[in-house]
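Protein chains: 2
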Amino acid sequence: MANRILSLSNALVSNPTSDVVIDGKAYNTETEPKQVLLRERANASFDVRELTHYLNGGPENTAITERIMTSIERDPLFHNDDFYDLSKDQLRAQTFARVAALSRYIDPEKQALTNQRFSIVGIADTSVVTRAGVHFGLFLRSIRTNGTDEQYKYWVNQGATTLKRFYGCFGMTEMGHGSNVQGLETTATFDPETDEFVIDTPHLGATKWWIGGAAHSATHSVVFARLISNGKDYGTKPFVVQLRSIPDFSLQPGVAIGDIGKKMGRDGIDNGWIQFTHVRIPRSNLLQRYVKVDAKGNVTQPPAAQQLGYAALVDGRVTMVNDSFQSSKRFLTIALRYAAVRRQFGSDPKDKGETRILDYPHHQRRLLPRLALTYAMNAAAFSVSELQTEAANALKNVDVTDKAAFKAAIDESKELFSVSAGLKAFTTWATSATIDECRQACGGHGYSGYSGFGQGYNDWVVMCTWEGDNNVLTLSTGRSLIQSNLAIRKRNANSTTKIPNAIAYLVRSEQLKGVKLGGRSLTDPKVLVEAWESIAASTINHATDAYERELAKNGGNVELAFETVSQRRFEAATVHTKLYLVASFVNRIEATATPAVKSILTDLAVLLGLWLLEADLAKFLQCGFITTEQSETVSDLVDSYNAKIRTQAIPLTDAFNLSDYFINSGLGNYDGDVYNHYFSRVVRRSADGSTSSNKKDARPEYFERITSKFLFRED
Amino acid sequence: MANRILSLSNALVSNPTSDVVIDGKAYNTETEPKQVLLRERANASFDVRELTHYLNGGPENTAITERIMTSIERDPLFHNDDFYDLSKDQLRAQTFARVAALSRYIDPEKQALTNQRFSIVGIADTSVVTRAGVHFGLFLRSIRTNGTDEQYKYWVNQGATTLKRFYGCFGMTEMGHGSNVQGLETTATFDPETDEFVIDTPHLGATKWWIGGAAHSATHSVVFARLISNGKDYGTKPFVVQLRSIPDFSLQPGVAIGDIGKKMGRDGIDNGWIQFTHVRIPRSNLLQRYVKVDAKGNVTQPPAAQQLGYAALVDGRVTMVNDSFQSSKRFLTIALRYAAVRRQFGSDPKDKGETRILDYPHHQRRLLPRLALTYAMNAAAFSVSELQTEAANALKNVDVTDKAAFKAAIDESKELFSVSAGLKAFTTWATSATIDECRQACGGHGYSGYSGFGQGYNDWVVMCTWEGDNNVLTLSTGRSLIQSNLAIRKRNANSTTKIPNAIAYLVRSEQLKGVKLGGRSLTDPKVLVEAWESIAASTINHATDAYERELAKNGGNVELAFETVSQRRFEAATVHTKLYLVASFVNRIEATATPAVKSILTDLAVLLGLWLLEADLAKFLQCGFITTEQSETVSDLVDSYNAKIRTQAIPLTDAFNLSDYFINSGLGNYDGDVYNHYFSRVVRRSADGSTSSNKKDARPEYFERITSKFLFRED
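These protein sequence lines are chains L and S, in that order.
If you count the first sequence from 1, position 571 lands on 570 in numbering that gives the first Met the number 0, and the numbers rise without skipping.
If you count the second sequence from 1, position 97 lands on 96 in numbering that gives the first Met the number 0, and the numbers rise without skipping.
Among the hints, a few may not be true.
[Stated by the list, open to error] Result set (EDC-like, lysine to aspartate or glutamate): computed pairs, CA atoms no more than 20 Å apart in a straight line: (1) L/Lys618 with S/Asp638; (2) S/Lys597 with S/Asp653; (3) L/Lys261 with S/Asp84; (4) S/Lys695 with L/Asp247; (5) S/Lys87 with L/Asp84; (6) L/Lys87 with S/Asp81; (7) L/Lys618 with S/Glu414; (8) L/Lys512 with S/Glu631; (9) L/Lys618 with S/Asp615; (10) L/Lys163 with S/Glu703; (11) S/Lys87 with L/Glu628; (12) S/Lys515 with L/Glu628; (13) L/Lys708 with S/Asp84.
[As the list claims (entries may be wrong)] Here are some of the chain S residues that sit facing chain L, going by a computed Cβ distance under 8 Å: (14) Tyr104; (15) Arg164; (16) Met174; (17) Gly182; (18) Pro246; (19) Glu353; (20) Gly443; (21) Asn470; (22) Leu474; (23) Arg488; (24) Phe569; (25) Tyr674.
These aren't lab readings, by the way, just hints derived from the structure by calculation.
Beta carbons are placed, not taken as given, at the ideal position from N, Cα and C, and that holds for glycine.
Can you make the complete structure from the sequences, with help from the hints?
Laid out in structure tokens, this is it:
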């Protein structure tokens, strides 16, 4: 017997696939990974801490970020060990408790700090941020921007900033209308007899739908409804409507609310539907900064009041560029750490055993350009956020009755609208694709609930739909690019009107048309930016020409012409946004990167520019920027930059500075000890009774009821 | 008061967005959709029933399909009204009950009928099919193909075909090894003293992982382990190991099993992990068709025995091409019906009110080429299935000791391996993208659990990873294309060796190099097939050249050369697979379409060919098949074919012949009454108590515990 055990151990030791020698010591599949990550980190060519500061916008911001992270991570209420096993109902309850905790940190006067905390909490639990954001972002902001100063004060006194005896939701979307807010069908009919508005849901399609906070939390809602006075329809306006009585929480008369139920993700958010049956509210509940109704039902509103009313949504879009960065960095950290330690197939002459999958050129292609994109999204988030601050300042104190001043402020916002729409769409889509690619890059284990990818994807992808559907937004950016380009074409050469920075290159369209790569190198960041300017200008000009052709053909029907060229609009917006990403990354490196990190960041920028160029190669060939022969080398250049970045991949994920708490994945811990962490998560979940299956019984709970009756049947 | 109500109703009637007039009658958002689908169907230009027969492969198959569908739909056990609200544990139990019901229909001798039933059940519930498939597909098939006839008979006598006192699982994948089966680390060491094998898990990384059926169901497993005899490692072989005792279901000594827990999807499958600690099995439990071990531990095996051992996996890949068709057709039906009735923005001169979203050219682009692709996948599924039958017949009675005959049979299988690997990867990826696009095309409602997309996506995407990771498979097809191309290049011009059909065009490489579009039309299916042949030949030849350059450069290291050109391998395989799809669609139309449906099918084939060409435009420009000027027209051609197909979109989904039961979505019912169906699903789910939230109380269940304590706090 002893003999037999001995011979079996010998057999085990001789198993060639389980032995890998690192620095003279033998490791197997289980014991090797930690050693591998140590070696990866020893090869860092740059200062990791310095790169973290670059990403945060300076060491002071790193300190603030880390303080916020620590406060969340330490709070037992935010512990996420069981996160992937919670039911919808458990998530709903936990999320509200977290919203309550989070709300104590929020000072509406310190928006930047609130945004920062939300952005960080969102990495660990997206539902909490959305559920709190519905009140603090959508509800409160629309009271502030659409209400008069007195109205804002009034609702603050009711508890709107402290969440005391008050919780707001945002009643915009209806079953039949999402993107087209002007088409909403809920009515608010003024009744001069009682000085009230009557809010009504005329039919099923007008039911308010997806309203976050409505199902379980809200006492009040901003309701978007058609203002009807003296038989005339004035379009969609915001009204404050009380939904539940305080404090017993029963529904107000005429208010019907239900739970939307199961969603693809974000089950922590209590989305609900609301139907109003002739619900009466005082006239003063119309938010009256931009529209006024007097006691007789006379309505006055300034021109372009509509646009201003939806300004709250633009903030969300800007935030989502940064969210894209935050989310991408988490999932890439998991997939890259896993890829650095996972071995499969092949033979690496330096090590015994199989090849680590990150050493395969194809695997590098799947992940490393997306790592470069993530760094670029960080730069773009800073850039669009500056744009937002400028636009907000311009609008802040504008006198809406001064036509000229009002138009100037609106114009100032247009660049922000166009840039943020295109970026929101591109970055949220790119992040969906990144999460999916990262999951697949972890093979079967990526499909495990405890890798975090499934829940992460399901929670994320709604970002592509809400606050402006990505397709609608991209087409709208395309439309605005054609309009701007037409204006630039008609512009007098001596004009001094300011052209927004983001489209300034369109003024140089003629010059860019002749630009060729020639003998220059595609790995020069300046050449890459020019390449993207040239292709963006060419695509937008082609779209503009096509639009004008259609317009001439159809007798001046603007809407029809824009629809007919929708594919060109879509392409124009996408290429323009890619240019914005590449250029803002290159500019930010130039402006803020210290010598210790400049070289690695430049490599990332070049990789991104090349990778995007490769995907749009046909356009570069069509406009003659590169020749067919030059085009044949692009893929090899991408490969070579991937090989370069590969050596720095682990330090580049370390610079993201996410602790294991925020990573929350069996596959992505800092120490790289993948198999042990993953196994202990799986065993813990199936053993502690929080899932009923298995536990310490090899028979399922339905054994007598189903299994035994079938497998051990008599007939 | 009466007056007030009257004036309110007037206001309502005058709301411009709620009135749409069809044939003189006014409808609103809620009442219109049913009318719209009636009009869409009246416009069908082809015989819908005839097209259903085409898709099924003749009216006889339609009859069989419909009988199977009816038998499932009528069975109360298969009712899916609550499908999207079930917990993991509920799904596990329901799935096993359904497996038991399904198994009564299975006759292992009637494989085609079994496949057909599985394929149909899989549209409604993917987990059931997988859970049953693990036993009937993987376990049973590996006993039959790897075991001798006597071994197969033995296990059948134990209950392996009737599932009586027996349930099998497939113990291949380990924590540390998925794709590389040769690298598995579980050991099976022969002990001549007792004439037994000792199965052992040497360390954590060798734990069997993802084993469907292991957690709750299996009494036995085929375990893939390294055969070690007299100190020598013979590589991975299959052994039958008993896991649980019968009938008490407790674990056998030395067997440890746990539940894998939460997954991204398919929670109805009881995936488990297994660790063996010196588990002893009789020598006869080694499946010995291709490998034999005598009582002294002498091992004999024919050459290439390895390849034959994994043949079971190829069947799965072939099936998954058809699964891709089945799944895509379901989700496209939902998204297209919704798009036909949903209005948003714009203005259609024919109707009052907003534009139906399917009338937007951009929306057509998102869905209609994917509809064409779905029809093409149907044709490709038939084609690869024929290939499979031929290859199986060749292998069936081969004498493994006859070297020449054995090699011929293996060669016959190579085409099947290469084609099915590329197709499995392409079609399962395409289907993931289709489900995602369909979800986004339904806007916010696509994110509702009751639309079916979320669960559908989560259940589907594992198809891209299991039974051959899509990236690994695509690269392997690329490798085999380069190898075949090298053989063709070296081939004597007078050789009579048969070239497999799928790569026959490579023989014409030189001729295809010179082919240009010239004055011909890209809307001619024959021209499109030639275009794709030309581009595939060019891509494969470029890849082959690059491989030979690398080989020369690195001194003949084949593995290194293949890795270095992996991006080119990937491209070669993808383009080759696109050609296969376009060509098999065109061929099938030619061979089987009746005049009543040939025209619409041809339009679909052209749309597909053009849409794929547009995405690969750079390649067509690089090889000179089209000029820059010609390339500018491709997008407009795609647009015009989309506009053509749009008029037939609803009849084209009707031809898929899926009842509301199989659609199982609030948005996709046959009658188009979207808002009512969707609303009633949501209300029913939140009212019947199967979800604890809301019910008939406006307060959540955690109101006292969390909400009230926070909102109505005293401090």
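So which of the earlier hints does this model not fit? Of the numbered hints, 7, 11, 13, 14 and 23 do not hold.
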